[in-house]
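Asks: One letter stands for each residue in the lines below.
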Amino acid sequence: MSSREEITAGLAEILEEVAGVNPADVAEEKSFTEDLDVDSLSMVEVVVAAEEKFGVKIPDDQVQNLKTVGDAVTYISSNA
Amino acid sequence: MTRPDVVVTGLGATTPLGGDVASTWDAMLAGRSGVSALTQDWATELPVRIAAQLRVDPSEVLDRVRLRRLDRSEAVAIIAAQQAWADAGFSTVDGKTDGVDAERLAVSIGSGIGGAQTLLAQDDILEASGARRVSPHTVPMLMPNGPAAFVGLELGAQAGVHCVASACATGAEAIALGLDLIRAGRADVVVAGGTEAVIHPLPIAGFASMRAMSTRNDDPERASRPWDKGRDGFVLGEGAAVVVLERAEHAAARGARVYARLAGSGITSDGYDIVQPHPEGAGFVRAVRKALADADLTGADIAHVNAHATSTPTGDMAEIAGLRAAIGDHPVLTATKSMTGHLLGAAGALESIATILAIRDSTVPPTINLEDPEDGLLDVAVHKPRALDIPAALNNSFGFGGHNVALIFTRP
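Chains A and B supply the protein sequences, listed in that same order.
Counting in the numbering used here, the first sequence runs from 80 upward without gaps.
Counting in the numbering used here, the second sequence runs from 97 upward without gaps.
Derived by calculation from the structure, the hints in this document are not laboratory data.
Keep in mind that a hint or two might mislead.
Which bits of chain A does chain B cover? Going by a derived footprint, with three or more residues having C-beta under 8 Å, they are [unchecked claim]:
hint, segment
1, 86-99
2, 121-127
Across the chosen pairs, the derived CB separations fall in these ranges [as the list claims (entries may be wrong)]:
hint, chain 1, residue 1, chain 2, residue 2, range
3, A, Q143, B, D153, 35 to 45 Å
4, A, L120, B, Y368, 36 to 46 Å
5, B, D153, A, D118, 22 to 32 Å
Calculated Cβ distances over 12 Å to all of chain A for the following chain B residues [claimed, not checked]:
hint, residue
6, D137
7, A139
8, P143
9, G195
10, A198
11, L216
12, P240
13, P469
14, A483
This one's a predicted model, so the numbers in the text were calculated from it and none came from an experiment.
Don't be surprised by glycine CBs; every beta carbon is placed ideally from N, CA and C.
Generate coordinates for the entire structure from the input sequences, incorporating the hints supplied.
Replies: Shown next, in the form of structure tokens:
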């Protein structure tokens, strides 16, 4: 089981690879679309990469609830 | 209403000879070949193991994240368009164009084959890992209008983005469409050209199965040899070439530098066979005559021809017969595919740029590898560039499907 910090760091790696987001900018309170400039197609890539990295299923109807990095960390830590 | 004159005010290209127009033109004048051996693992079992690969990889120009979302054909189209745009003296900042009304700016960029590399790579992912792993960027990467649409976004064009597809005549036909758009009053500026990036085992295997490609694998630089008796097929090339077409009065009003005038175009279809050219080049002769009439010129006015001449056994001499019939024996010819390889959908645009620069510099670029010319050939600038006064020049392109496109450029 990963800590919240480890999951955030893992998401930062994915966001850098997929969308060129600076890992230093990734923090729990940041919104994917508004703060980190991740567009809807890139968000799909982030979700699929996160599923693989953390061994979790993130159904499409859950993705819209993942507004911030912290939302994703909470979902991953409680479903992995 | 009189028909507006259309001029060329910007050039851009990334080719097997160089990462921009200046380096490509220098290499042409030096008679350099852009063809090399394919050293990739996937090439070892192919009948054709040579190609004209880009001199400057897109990764040296565009950033990594951007390239993940672009097919290679889109990336090179953007690079060529950015160069042409800057060369014409325009700029776009945050989607706002400077120097032209965005609603009067159109794009006409086509591709012969489209995003095949993306299609094939994503199919590999589908087979290996399942549908959920297929990239959400797949469709905009492989759609044929992708290069035109991405260039339109890059420059902020709002008068329409258009995608012509006529195989190896695509680049020339896209430029002809640009001419029509300006003449019809639908745009003041059109960014027009072609792009192609299909150096991949499937397209190579397909062309090789048609016996259309050179198999001179042990001698890549001498494989593309239009009009030479030893020619055995074309050499596949990749890259993009784009020109900025502009209503002449619009260019004059902003004090733009004018390379040449696009005086006329002629487009016909053979209605004969899906891949074989008409034996007497009837459709091609009609295209040249239409272009001459459109430009209000006669065959005698054409000093130079940049021929389609791909280095295939049948096509090269059929074009000579057609030129003799449509224009006469006097023009000085060249086949720049001897150096660049065949860029398919980008070929007509790249050769338009070579034609325009030949006019500007009063210099015909050479045809290399023409060591044992066919009997009955016209006057060709062989191995070395030829100084020539060029008031008007013709660029020919033909494509599978029976497409014939003739473009005539004149001194401004």
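Asks: Can we confirm that no CB of chain A comes within 12 Å of the CB of B/A139?
Replies: For B/A139, whose nearest Cβ neighbour in chain A is about 29 Å away, the distance exceeds 12 Å, so it holds.
Asks: Is the listed coverage of the segment 121-127 of chain A by chain B valid when you require three or more residues with a beta carbon under 8 Å from a beta carbon of that chain?
Replies: Check passed, 4 qualifying residues.
Asks: Counting residues of the segment 86-99 of chain A that have a beta-carbon nearer than 8 Å to any beta-carbon of chain B, does the count reach 3?
Replies: holds (count 3)
Asks: Should the hint that A/L120 and B/Y368 are 36 to 46 Å apart at their CB atoms be regarded as holding?
Replies: 44 Å, holds
Asks: Minimum Cβ separation between B/A483 and chain A greater than 12 Å?
Replies: Fine: 50 Å to the nearest Cβ keeps B/A483 off the interface.
Asks: Classify the label on B/L216 as holds or violated, using whether its beta-carbon is more than 12 Å from each beta-carbon of chain A.
Replies: Nearest chain A Cβ is 20 Å from B/L216, so the label holds.
Asks: May I ask you to check that B/D137 keeps its beta-carbon over 12 Å from the closest beta-carbon of chain A?
Replies: Correct as stated: the minimum Cβ-Cβ distance to chain A is 25 Å, above 12 Å.
Asks: Measuring from beta carbon to beta carbon, are A/Q143 and B/D153 in 35 to 45 Å?
Replies: Cβ of A/Q143 to Cβ of B/D153: about 38 Å, so the range 35 to 45 Å holds.
Asks: Honestly, do B/D153 and A/D118 meet the 22 to 32 Å range at C-beta?
Replies: The hinted range 22 to 32 Å holds for B/D153 and A/D118, with Cβ atoms some 26 Å apart.
Asks: Should the label of B/P143 as a non-interface residue stand, given a Cβ cut-off of 12 Å to chain A?
Replies: 37 Å, holds
Asks: Confirm or reject the statement that B/A198 sits farther than 12 Å, beta carbon to beta carbon, from all of chain A.
Replies: Its Cβ never comes within 12 Å of chain A, the nearest being 22 Å, so this holds.
Asks: Would B/G195 pass as off the interface with chain A, using Cβ distances and a cut of 12 Å?
Replies: 28 Å, holds
Taken one by one, the earlier hints all hold for this structure without exception.
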